[in-house]
Amino acid sequence: MDSWVDYARCRSADPELFFPIGPDELAAAKTFCRRCHVRQACLDFALDTGQRHGVWGGLDQDERRRLRRRARRAA
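Numbering of the sequence shown is given in our numbering, commencing with residue 1 and proceeding in unit increments.
Please note: incorrect hints may appear among the correct ones.
Said to hold, decoys possible - The calculated label-pair distances, taken between Cβ atoms and stated as ranges, are:
no.	residue 1	residue 2	range
1	Arg73	Asp2	31 to 41 Å
2	Arg11	Arg73	27 to 37 Å
3	Leu17	Ala74	27 to 37 Å
4	Ser12	Arg69	27 to 37 Å
5	Asp14	Ala74	34 to 44 Å
6	Arg52	Phe32	18 to 28 Å
7	Arg73	Ala13	32 to 42 Å
8	Pro23	Asp2	27 to 37 Å
9	Glu16	Thr49	15 to 25 Å
10	Gln51	Gly22	11 to 21 Å
11	Thr31	Tyr7	11 to 21 Å
12	Asp24	Arg72	31 to 41 Å
The hints are simulated quantities; they were obtained by calculation from the structure and are not laboratory data. We treat Cβ as the ideally placed atom computed from N, Cα and C, and that holds for glycine.
From just these sequences and the hints, can you work out the full model?
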C-alpha cells in the first residue's frame, strides 16, 4: 500500500532543507513545500506524531504549535 511519503516532493530532496537554521533557509523550505501535492498529509503526520522540529507540511515548529493550541481551545 502506498503512503503519502511515496508521493512527497521532498522524497528526493536533501533532508537538511527542512531543518533550517535561519530565515532564508526557512523560506526556501516553505517554498519547496508549497508545490507539494501531499502537503496536508505531511502536516497531519507531523501533528499526529508530535514532530517538534523542522518544516512539515509547509509549517515550522512555531506555526504547528500555534495550530495545536488553537485546536485544543476549539475542542
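Report the numbers of all earlier hints that the structure fails to satisfy, in ascending order. Result: no hint breaks.
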